Structures are given as structure tokens and as C-alpha cells.
Amino acid sequence: MTEVKNTEAIIEIGNLRKSFGNLEVLKDVSLKLFNGENLVVLGKSGSGKSVLIKCIVRLLSPNEGTIKVLGKDVKKLDRNDLAEIRQKIGFLFQSGALYDSMDVKQNLEFPLIRIRKKLTQKQRNEKIEEVLENVGLLDAINKMPSELSGGMRKRISLARTLIIDPMIMLYDEPTTGLDPVTSDEISLLINDVKKKYKTSSLIITHDIECARATADRLIMLHDGAVYKEGKIDEFEKSTDTLIKSFFK
Amino acid sequence: MRRIKPVIKVIPVIRSATINLSEKTIDKTIKASSFLEEVANFILFILRTFKETFSRKFEFREFFRQCFQIGYKSLPLISITGAIMGLVLTIQSRPILVTFGAVTLLPSMVAISLIREIGPVITALICAGKIGSGIGAELGSMKVTEQIDAMEVSSTNPMRFLVVTRVLATTLMLPLLVLYADAWGILGSWIAINIKGDVSFVLFSSQAFGYLKFIDFLPAVVKTFFFGAVIGLVGSYKGYTAGRGTESVGIAANSAVVLASLLVIIVDMIAVQITDMLI
Chain H
41 MTEVKNTEAI IEIGNLRKSF GNLEVLKDVS LKLFNGENLV VLGKSGSGKS
91 VLIKCIVRLL SPNEGTIKVL GKDVKKLDRN DLAEIRQKIG FLFQSGALYD
141 SMDVKQNLEF PLIRIRKKLT QKQRNEKIEE VLENVGLLDA INKMPSELSG
191 GMRKRISLAR TLIIDPMIML YDEPTTGLDP VTSDEISLLI NDVKKKYKTS
241 SLIITHDIEC ARATADRLIM LHDGAVYKEG KIDEFEKSTD TLIKSFFK
Chain F
3 MRRIKPVIKV IPVIRSATIN LSEKTIDKTI KASSFLEEVA NFILFILRTF
53 KETFSRKFEF REFFRQCFQI GYKSLPLISI TGAIMGLVLT IQSRPILVTF
103 GAVTLLPSMV AISLIREIGP VITALICAGK IGSGIGAELG SMKVTEQIDA
153 MEVSSTNPMR FLVVTRVLAT TLMLPLLVLY ADAWGILGSW IAINIKGDVS
203 FVLFSSQAFG YLKFIDFLPA VVKTFFFGAV IGLVGSYKGY TAGRGTESVG
253 IAANSAVVLA SLLVIIVDMI AVQITDMLI
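These protein sequence lines map, in sequence, to chains H and F.
Count the first sequence with my numbering and you get residues 41 to 288, in order.
Count the second sequence with my numbering and you get residues 3 to 281, in order.
One chain only, chain F, in its complex shape:
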């Protein structure tokens, strides 16, 4: 009896553990399959956008309106961010370079860092927040208030009108915004240097661009087209596939920012690897 008793006690524990395990397994399987479904839907959405981009009826008017909204209206934010990037980078790097007696390299170091990496990534992350969430919320609210359905029944292809125009506008505007941010960053750096010294802008520019080569510039610009496409696609996808309730608008905007930021970092990592292999 003494030997049997513990076994009897253990049986319910094992049974409940088995049930718990199977429930957890089912939960995980459901989560995994819905994740894969989401990935598949996103890929299909990209393919459909790509197909609609090359259709004959292109919505030029809406495309230019989106370029204005995405590009021009982001300029104040990008100017401030760019200038602060350059300013902070210079102030933080100066003491180390002073220690090694290489303070004259400060302008070129800041310029190379800004143009190759910091400018594109920080600008893309800010745009993921501003533009990605904007597109997600706008399309999500259009879905909730049946505006996308209304477009569809009035013989307008909403993918072509809403998605293609936004994705192309972000793809083309982001490189311009990055270059604009880089320019402000270099100006910010010059201001930072002049806080503790007296360097003319001509001398600063010649030092900043002295070590900069075309090969530093090209991959950095090329990858920003991909950053732009990612932000446009993710924002549009999250908004276009939002649920029916008003809560879905917030979810669409939020998840657009999170996913776009993550994908920007991943694309950057891939771009850096490719550049490293090629150069």
C-alpha cells in the first residue's frame, strides 16, 4: 500500500501536466500558424502592390499629393532631428579624438558616420514613426468608415489609388529626406565645433568632405530606397488589413510603427553585409 499511494497521488498531477502541455502546444501551434498566415498575407500584399504599380492607369495626382504630404510636411521634424544628430555626435566624439590628438579628423568622422549609417537609419526610424503610423491610421480609419469599400464600388481600384501612391511616395521621398537630414547634421556638427572653437564653414567643409568618397555615399543612398519601400508597405498593409472596429485604427498605427522600425533595422543589417562583401 505504501508503494501504491504515491503513484495514485502522482497520476492526477501527470494528467493535469499532460493537459497543460497539450493546451500549450495547441496555443503555440495556433500562434505559429497565424504568424505564418500573416507573413504569407504580407508577401501577397507586396506582390499585388508591385503588380498594380506597373498597371497602365497610374494615379499621378494622388501620387504628387502623397509626395507633398510625406516629403514636404516632414521637413521641419527632419531638420531638427538632423541638426541635433550632428550636434550630439560631434560633442560626444570630441573628447576621445582630443585624447588621441586627432581632433582635426572630427569633421570627416562626423560626416562619414552621418552619411554612411546614422543619417539613413535615424531618419528612417523617425519616418517609420511619423509616416508609417500616419499611413496605418489613415488607411485603417478609411477601412473602418467604409471609405475603401466606397472607392471600390465607384470603379476605383483602392490598391492602386491608396497603396501604390503611398508606397512609391515613401520610396522616393525617403532618400531625399535622408540627404536633407545629413545636410542639417553636418551643419549641426559645425555649430558644435564652433561652441568650443572657431572654425570657418569653408574649412570645416573641406575637412568634412576630404575623406568622403563616392563609395561611402552610394550604398547609403541605395538602402534608403528600401527603407522607404518598407515604411510605405508596412504602413499600407497594416491600415488596409485593419479590422472593422475603431480600436483597429490604433492597433494598425501602432503595429505599423513597430514592424516598420524592426524591418528598417533588419534591412540595414542586410545592406551593410552586402556593402561589406562588395567593397
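Just chain H, same shape as in the assembly:
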């Protein structure tokens, strides 16, 4: 396990640019995620939030700029080193991304078999039950993804990312498409995960309630660039029209 001090940046992004054809989605984005904090990246749809988070795990390659995760430049890693870094990151996808052809247990077993290869079947089962209990869905172990509600899918998906004991959690719109009650439950779960698993989290959202409930620090993206960075109070008190439109 990599040892990281509290003041050290776990993720460091510098002057990141990403475009698709002529469309420039990210224009010179720089940010740092410090150890043990929840950093919320706020912004309207299409502001480049999801592109940013996908560049961190190199699902997308940036055109310019640097992305350092645990001190390593993600852009320069070979396939094996990239796999090693990815094993320390849990990624909660916007859609949940549960494998439709597998039941909940198989979904959770999938990363475990590939990443924690030395575990016995008994240890695997124990681990699966532990994470399912942590997200409050132990009784869904034999269900197929199609039998789960939107909120349950998100929870199971969260359990699948937690099963590998990640150091960093990346949440891509964790509350999108959920009702307010389930959204609040997911926000609480994000805070629980931070406490129990001692993770540092980057939360991409446009849901202001989720940002309020989870953020230690906030960054607002607008038109692919950092618009404002600070604590939640600073955003709440801001007189800026764009920020006020989010926090009204």
C-alpha cells in the first residue's frame, strides 16, 4: 500500500486540455485532490466534468497537460503500470455499469478474481458479503441487475468499486436520475465510504444537494475551465451570477 501524507496531493492535474475534433471540451484545467478529502467538481451538463474524470483513469487521452496519480504521470504509464494505478482507484460510473449478464455476486466477484488473485473462494465470499452489508444490500446477492432499482444499482456498483479497497474514489454523477430521498442516501454513503475505507474522493456532479452533503472543497467548471475553487461557504456567499444560479 502506498503511504501518503495528509497534505500531499493524491491527484494532481496541470493545464489539462482535451478536445474532440474542433470542439474543445477542457481548456487548461488544473486541480489537486489531497489525501483524505472529498473534492466536488461542480458544473453544468457539457462543461467537461465527465471527460475530466475519464482522463484521470486514461479512458480518454488528454491532448495536453499532466495528470499525476499517486505521483505517477498517467499519460506516460505502460499497460502494466496503468493497471497497477487503476487497481488503487474505484470508479463509480454514471449509469452504474453493472454487467447485465452477471448476477450481483458475479459482478462483485469479477474485479476480485482479477485483482486480488490470492484470495480463496471463502475469503472472496466473505469480502462480497462485507461490501454488500456496507451498502445495505446483502439480500440482493443473487439478483440480476435488471431486477434492481436505480438506487440499488448505484449501491451495488459502489460495492463493486469498494471490493478492491481503493485509495481513491472517482464518482461520476452519483445521484443523477435518482429521487431526492435515494440521492440523499447515496450522499450519506459517499461520506460513510470516506470514513470506513479512508478514501480520497473526486465527486463529479451538478446536484447541489449532493455537493453540499459531501464536499470538503469545491471546484466549479464552466465552459471547460476552472471558474472558481473554494469551500462550500464561499460558494454559498458568492454574489457571482453563475454561482448563484447553482446555489439558489
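What the hints contain is simulated information worked out from the structure, not anything from laboratory work.
Check before you lean on any hint, since a few could be wrong.
No more than 25 Å apart at the CA atoms, straight line, and that leaves these computed lysine-lysine pairs for DSS-like [to be verified]:
1. H:116 <-> F:53
2. H:277 <-> H:84
3. H:72 <-> H:108
4. H:238 <-> H:157
5. H:238 <-> H:167
6. H:271 <-> H:67
7. H:84 <-> H:72
8. H:108 <-> H:128
9. H:158 <-> H:145
10. F:132 <-> H:157
11. H:115 <-> F:53
12. H:234 <-> H:167
13. H:112 <-> H:128
14. H:167 <-> H:157
15. H:67 <-> H:116
16. F:59 <-> H:158
17. H:162 <-> F:53
18. H:284 <-> H:271
19. F:59 <-> H:145
20. H:112 <-> H:67
21. F:59 <-> H:128
22. H:236 <-> H:158
23. F:75 <-> H:183
24. H:277 <-> H:128
What the simulated footprint calls covered on chain F by chain H, stretch by stretch (three residues with Cβ under 8 Å from a Cβ of chain H suffice, anywhere in the stretch; the number is not a length) [what the hints assert, rightly or not]:
25. 125-131
26. 142-155
Nothing here was measured: the structure is a model prediction, and the numbers come from that model.
Backbone N, C-alpha and C fix where the C-beta goes; we use that ideal spot for every residue, glycine too.
Please arrange chain F on chain H, whose structure you already have, making use of the hints.
Quick look at chain F alone, frame taken from chain H:
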């Protein structure tokens, strides 16, 4: 003035024709370059699949699951199609052979036609529809719902897990499905003959296989491996490279069927030419 006037009238026509021509040329150039880009991407996809096939970490469990899905679950459809193929071929051929007084050759003619050409091609086309579209839609929907991305970030190579297993399963299952269809076709032929006559299965079999040589059988089986590979590769490619919207899933499934069917016919034509040169 009389001479100049028509020329002035013609100038805008020529100009608009020139503009139309250049727009059409640009459109055609774009279409041609995107077609070539698609061909290049498909070739790269084949090479990558080939490379991943021989990597050390082979996904045996997923491969056997795909063999079950592609092979076993296609059996009912292939049985019905095979039997009908034999039945129809026999009923259609019988009057001509009766005219020439060669009705005793009917079983062997049907067997040779089925094994050499009709069985492999019809079965491959049906599999292009069932299996090709299934793979295209499944991988396309996995792409749209970010399941392929999720696989990638959990340190699993999606090419190896999703594509290699499916391509190998179709490559190995298609020859078996074709042989199975041939068997049903011959049974269908025997049933058709017994509608208007009374021939025992032993006599029918001896007549059917009497003229059949190993050389009829071998090229037909060999080409079905290629048919299987084509169906698996095209289905996987179309699904794996699908766009992001839900509409892309339908497009991937549809184009997988169309392209796989076309390529099966082309591969068959090449195989027949090669067989003809060698034998």
C-alpha cells in the same frame, strides 16, 4: 446583343453546375475516405484480436459460456432450418430427376448439395442473423452503458474478455452447427422422399453417401471456420465500436448482420474458387 444574351444566361447555370459538381466531389471524397478509414479500423481490430488470442491470460470460463450461448442455444433454430432445407431441396429436385429417369440419384444429389454448399452457406447466413446481431447488440449496449469502460478500469482487458472469447466461440461452433444442420437436412430429405414413396433409412443412407467422397466434405468444413470467424469478428467490431447513444445499439446489430452476410458470401466465393483450383 443577340449573341451575348444567351451566354449571360448560361453563366449562372455553369456556375451553379460547377458548385454542384464540386460539392458532389467533396461529398464523394468524404464518403470514400470514411469508407477507407472503416476498412483500416476493421483490419486493425482483426490484428488486435489475433494478437490478444495468443496472449497468456486466456478467459476460459467466458469462452465456454460463449460456446454454450452461441452453439447450444442455436440448436433449435438450426434443426428446423436444416430439416426444411433438405425437405424443400428434395421436393424441388424430384420432378426434374423423374423427367430424366434419374430419381435414384436424388438422395446422393441432395446430400452432395447440402454438404458442399447449401448447408454451410444457409447455416452461416442464419448464424450471421442470430449470432452476429446478438454479439453486435450485446457489445453495443455494453459500450453505451459504460460496461466496457468499467471492465477496463477494473484491470480487465475487454478485447480479451469480450472479443477474443466470442470470435473463437463462433469460429469453433459454426462448423459443428453446419454439420448438425447437414444431418437434419438429410433427415428432412428422407422424410420428403417418403411422402411420395417408401424408402427405408438404411437404403436412403447408402444411396445418399454412396457418391459422397471425403474431398466433398473437407473444403466444406474448412470454409465454415472462416464463416464463423467472419461472423464473430464483424459482430464484435460493430458492437465494440458502436457510438454512445442508444440508437447506436440498433445500428450496430443491423450493420453486423448486413456486413457479416455479405462477407460470408464473398468468403464462400473465394473458397469455391480455391477448391476448384486445388481439386
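So, going through the hints one by one against the coordinates:
1. H:116 <-> F:53: Judged against 25 Å, a Cα distance of about 23 Å means the pair holds.
2. H:277 <-> H:84: Distance of about 19 Å is within 25 Å: holds.
3. H:72 <-> H:108: holds (9 Å)
4. H:238 <-> H:157: Measuring from Cα to Cα gives roughly 23 Å; hence the hint holds.
5. H:238 <-> H:167: holds (17 Å)
6. H:271 <-> H:67: holds (23 Å)
7. H:84 <-> H:72: holds (21 Å)
8. H:108 <-> H:128: holds (13 Å)
9. H:158 <-> H:145: Satisfied, since the Cα-Cα distance of roughly 18 Å is no more than 25 Å.
10. F:132 <-> H:157: Not satisfied, since the Cα-Cα distance of roughly 36 Å exceeds 25 Å.
11. H:115 <-> F:53: holds (24 Å)
12. H:234 <-> H:167: Judged against 25 Å, a Cα distance of about 18 Å means the pair holds.
13. H:112 <-> H:128: Holds. Residue 112 (chain H) to residue 128 (chain H) sits at ~12 Å (cutoff 25 Å).
14. H:167 <-> H:157: holds (13 Å)
15. H:67 <-> H:116: Holds: residue 67 (chain H) and residue 116 (chain H) sit about 21 Å apart, inside 25 Å.
16. F:59 <-> H:158: It holds: about 16 Å lies between the C-alpha atoms, which stays within 25 Å.
17. H:162 <-> F:53: Given pair residue 162 (chain H), residue 53 (chain F) is violated - Cα atoms ~35 Å apart, limit 25 Å.
18. H:284 <-> H:271: Holds. Residue 284 (chain H) to residue 271 (chain H) sits at ~15 Å (cutoff 25 Å).
19. F:59 <-> H:145: holds (23 Å)
20. H:112 <-> H:67: holds (22 Å)
21. F:59 <-> H:128: Holds, at roughly 21 Å.
22. H:236 <-> H:158: holds (23 Å)
23. F:75 <-> H:183: holds (23 Å)
24. H:277 <-> H:128: violated (36 Å)
25. 125-131: violated (count 0)
26. 142-155: Holds: 10 residues of the stretch 142-155 of chain F have a Cβ under 8 Å from chain H.
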